[in-house]
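Given chain A, work out where chain B with the ligand should sit, using these hints.
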Amino acid sequence: MVDEHKLIELAKSKPDGISNDDIKSAIPDAKIEDIAAAINKFLKNGSFELYQDNGKLLYKYKDPSKKSTAKGSDSEEKIVFRIIEEAGNKGIWIRDIRFKSNLNMTQLNKVLKSLETKKYIKAVKSVSASKKKVYMLYDLEPDSSVTGGAWYQDQDFESEFVDVLSQQCLRFLTEKGEEAKMHGGGPLLARNKSYATANDVHKFISELGISKVRLSVSDIESILYTVVLDNNAERIASGEGFLYRSTNKFLSSVGLVKTTCGVCPIANRCADTGLINPKICEYLTDWLEEN
Amino acid sequence: MSFQIGKLISLILQERFGIIIEKVGNFLFEYGSNPLLYIMRGTELPLGKVKEALCILIKYGLVTFKPNNNENIANYSLCIDNILLMTRYPKFLNLLKKKFGDESEMIIEELLQNSYLSTSDIIVKVAERLKCDVNDLPNVRDKFVSLVVAKYIQRLPTPNEEERPVPILEIKESVLFSLPKIDMKLLSQVYLKKIPKEELGETVFWIVNFDRFHQDMRDKYLVDAFTKKFDENVGEFVKLLLQQMYIRTDPWAETSNPVPLLEIKDIVRKKVIYPNLVTFFDQYVTVIEQDPSQIIRKSGEASGGSFQIQLKEAYNQIAWEIVEQVILEKFDSKAVRIFRLVKLKKFVEPDQIQQLAMIPSKEAKKLSYQLLEENFLKLQELKRPLANNGPIKSFTLFYIDLESIVRNLLELCYKTLYNAMTRKSHEKFINKRIIDKKQRVDAIAMGIQSQGATEEQLADIEDMITPPEREILGKIDRKMKKLNIEELEVDATIFLLQMYLKYQ
Ligand code: SF4
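Line order of the protein sequences matches chains A and B.
Going by our numbering, the first sequence opens with residue 1, and the numbers climb by one from there.
Going by our numbering, the second sequence opens with residue 1, and the numbers climb by one from there.
Simulated from the structure, these hints should not be mistaken for laboratory data.
Treat the hints with care, as some may be off.
Said to hold, decoys possible - Just the calculated beta-carbon pair ranges, DEER-fashion:
{"id": "1", "chain 1": "B", "residue 1": "Lys270", "chain 2": "A", "residue 2": "Asn192", "range": "26 to 32 Å"}
{"id": "2", "chain 1": "B", "residue 1": "Gly300", "chain 2": "A", "residue 2": "Ser159", "range": "46 to 52 Å"}
{"id": "3", "chain 1": "A", "residue 1": "Ser253", "chain 2": "B", "residue 2": "Gln504", "range": "20 to 26 Å"}
{"id": "4", "chain 1": "B", "residue 1": "Ser394", "chain 2": "A", "residue 2": "Asn192", "range": "43 to 49 Å"}
{"id": "5", "chain 1": "A", "residue 1": "Ser253", "chain 2": "B", "residue 2": "Asp477", "range": "22 to 28 Å"}
{"id": "6", "chain 1": "A", "residue 1": "Ser159", "chain 2": "B", "residue 2": "Thr466", "range": "56 to 62 Å"}
{"id": "7", "chain 1": "B", "residue 1": "Thr466", "chain 2": "A", "residue 2": "Val164", "range": "52 to 58 Å"}
{"id": "8", "chain 1": "B", "residue 1": "Glu373", "chain 2": "A", "residue 2": "Glu179", "range": "42 to 48 Å"}
{"id": "9", "chain 1": "B", "residue 1": "Asp332", "chain 2": "A", "residue 2": "Asn268", "range": "53 to 59 Å"}
{"id": "10", "chain 1": "A", "residue 1": "Ser144", "chain 2": "B", "residue 2": "Glu373", "range": "30 to 36 Å"}
{"id": "11", "chain 1": "A", "residue 1": "Ser253", "chain 2": "B", "residue 2": "Lys437", "range": "36 to 42 Å"}
{"id": "12", "chain 1": "B", "residue 1": "Asp332", "chain 2": "A", "residue 2": "Ala36", "range": "53 to 59 Å"}
{"id": "13", "chain 1": "A", "residue 1": "Gly184", "chain 2": "B", "residue 2": "Gly300", "range": "30 to 36 Å"}
All residues carry an ideal CB built from backbone N, CA and C; glycine is no exception.
Next up, chain A with everything else stripped away, as it sits in the complex:
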């Protein structure tokens, strides 16, 4: 391994740039491949810049905090760059940039394009509004409020993924409840044993290995809330967090939903006369033929 710190210090000490030979003499015991890897990394993250001087390669140190003084940017670009930089990893909407920079739309678009091609900034689609793009510095990881967190893949909500997780969470709670009941010792004991924390469920889901992305406990908490919303579980406050447990509903299917008319999509148009009527209704016919 190369002492990266040493490498940086070396470059800092020579503002005109360092050559491969300089490096070798400063860190003689490093392997060539390791040095190359370190340099590549610095080039990538913008700490080094590459120059050619008389056919010789020179690396120049560049203060990342001053990347804004990017070469070749004119003053408008600098202003826009700074505004975007300020917005951090939450990004900033084009209208707000315009407002802050006082540039007109054509100008601003040009500047943004140029900064984008130079890979100083990037545009990220925000999940909160499908057509809204926000700009942020190129190497920033967008905030989860922009990407939507674990549930989004390229700004698309992964509905099936959420469904599967929701089912698995419920399964965990149900099994836990059944196990508790099997243990005996009375209903109160069984109830207390059937509670699970989000941590318990998180552990179970992680071990299942059904998720490609790493889920946090609060991600699981969101999923558990859908189980509660589906009226398949209850949650009670306990200390800092919640306890969850699967529950039954009060009713099994009531008569109305077992009929065709009770759930009929065209019931509003069904009358005595006209084409939609109970005498010839196909829904009813099919239901009557069923065994």
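For chain B with the ligand alone, coordinates are given in the frame of chain A:
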């Protein structure tokens, strides 16, 4: 009253009493309370027919009358609820049979069929059906007496003392369930047809007290609900709690008066069927009390604690579940999730839905607007200036009006009943020829059987119905059964929804 109910009761009247009574019923439904002459004019029926129809309707408690401003004329009005109740009769009978056995069921059945009867009528009719020996009459009497004591049967109101052209029917609360002396000696004579029943000189008549049946149904559905949510032990606990409630609470109170736990514990101990409830009694009580539904609450610590059951709240929660079921079947589980989110939060901004319910925004939008369209959700707009004198921002919030949803669902139930009944009569109508033939063949078979026909002759008669016809008849039969069951089940839903409204 709604359009749908009007159609339904018209069909019920027609099925049970024929078209003349249906006509009178329709007129009264549409124009409300009216005197005889108006009914005659409106229905274009001869006076005699209208009178006859009104008589029957009054007899069955489907029409009531009150003196007009002019004291000499009566205004007649329709008792819509009682007409709808007729679809519930089978349920009443079933309930009673389970609770008290066949004889009691027969007593109620006779009353429902005849509308009102005297004491001797009831006892004699039921005894005849059972082919009782005269010595068994006291048995039937005891059954009858206990039904009165338990308030399933009450006295028929009679004209009050004052002589008026239009009598006012009244019954004092205090005598509603009081039993007259029953002279068993004379009654036996009547049973043996030795003397006419007029000699008994009876003045008291009995009718069915529907309200009492409704209390039973209310309790039964509650017990079922708790059994489903917890287990049969909790169901039993609730049953006993309700049973003990009657001793000290008005039956339709929103909340029962406190029932001491010790009382329930005592009863449970004596019953052998629920050993678990005995062993874990205290644990069960804690579980029930701590349940988030909060339907059964502790009300005091004295003498081992006492409990109250929140009947209003129970039916509130039941109504919510019914609505959720309907949404689930009409739309899907995501729609229910949205609905329940709005329920839990009371007011929800459309944007929050996608995030909290974890549904893709497009789908969330589509579903919530569908729910809006079918009136499961409502929208409220709020306008609020962002800053002083600033631009006004408007928020839209979803919320739920449960009562109006329940009313809509009731309409849907009535429509469903109406459609089922319409379909039934239509199926009968298109197969009329075969059904008539079957009836004729049956009649002939019965006739020759009573004349001592041989097996062979009987088989010959039966063969008049061809195998394909037999198949069709079987099919019709199955369809009718299915539709009849549907009617009863939908009526159960109606009952649950009505209970919610009753407590509002
Ligand atoms: S009869 Fe058919 S069309 Fe009419 S409400 Fe029922 S299911 Fe719908």
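Here is what the structure says about each hint:
1. Checking the proposed 26 to 32 Å range against Lys270(B) and Asn192(A) shows it holds: the Cβ atoms sit about 30 Å from each other.
2. Separated by about 50 Å at the C-beta atoms, Gly300(B) and Ser159(A) satisfy the suggested range of 46 to 52 Å.
3. Remark: the range hint 20 to 26 Å for Ser253(A) to Gln504(B) is upheld by a beta-carbon distance near 25 Å.
4. Between Ser394(B) and Asn192(A) the CB atoms are about 48 Å apart, so this pair conforms to the stated range of 43 to 49 Å.
5. Separation of Ser253(A) from Asp477(B) is about 25 Å and conforms to the stated range, judged on CB atoms against 22 to 28 Å.
6. Restraint check, Ser159(A) to Thr466(B): a C-beta distance of roughly 57 Å satisfies the suggested window 56 to 62 Å.
7. Look at Thr466(B) against Val164(A): about 57 Å separates their beta carbons, and that is inside 52 to 58 Å.
8. As the Cβ distance of Glu373(B) to Glu179(A) is approximately 44 Å, the hint placing it in 42 to 48 Å holds.
9. Restraint check, Asp332(B) to Asn268(A): a C-beta distance of roughly 20 Å breaks the suggested window 53 to 59 Å.
10. Distance hint check for Ser144(A) and Glu373(B): the Cβ-Cβ separation is about 34 Å, which falls inside the suggested range of 30 to 36 Å.
11. The hinted range of 36 to 42 Å is satisfied by Ser253(A) and Lys437(B), whose Cβ atoms lie roughly 39 Å apart.
12. The beta-carbon spacing between Asp332(B) and Ala36(A), approximately 57 Å, falls within the hinted interval of 53 to 59 Å.
13. The given range of 30 to 36 Å is respected by Gly184(A) and Gly300(B), whose C-beta atoms sit roughly 32 Å from each other.
In summary, the one numbered hint that this structure violates is 9.
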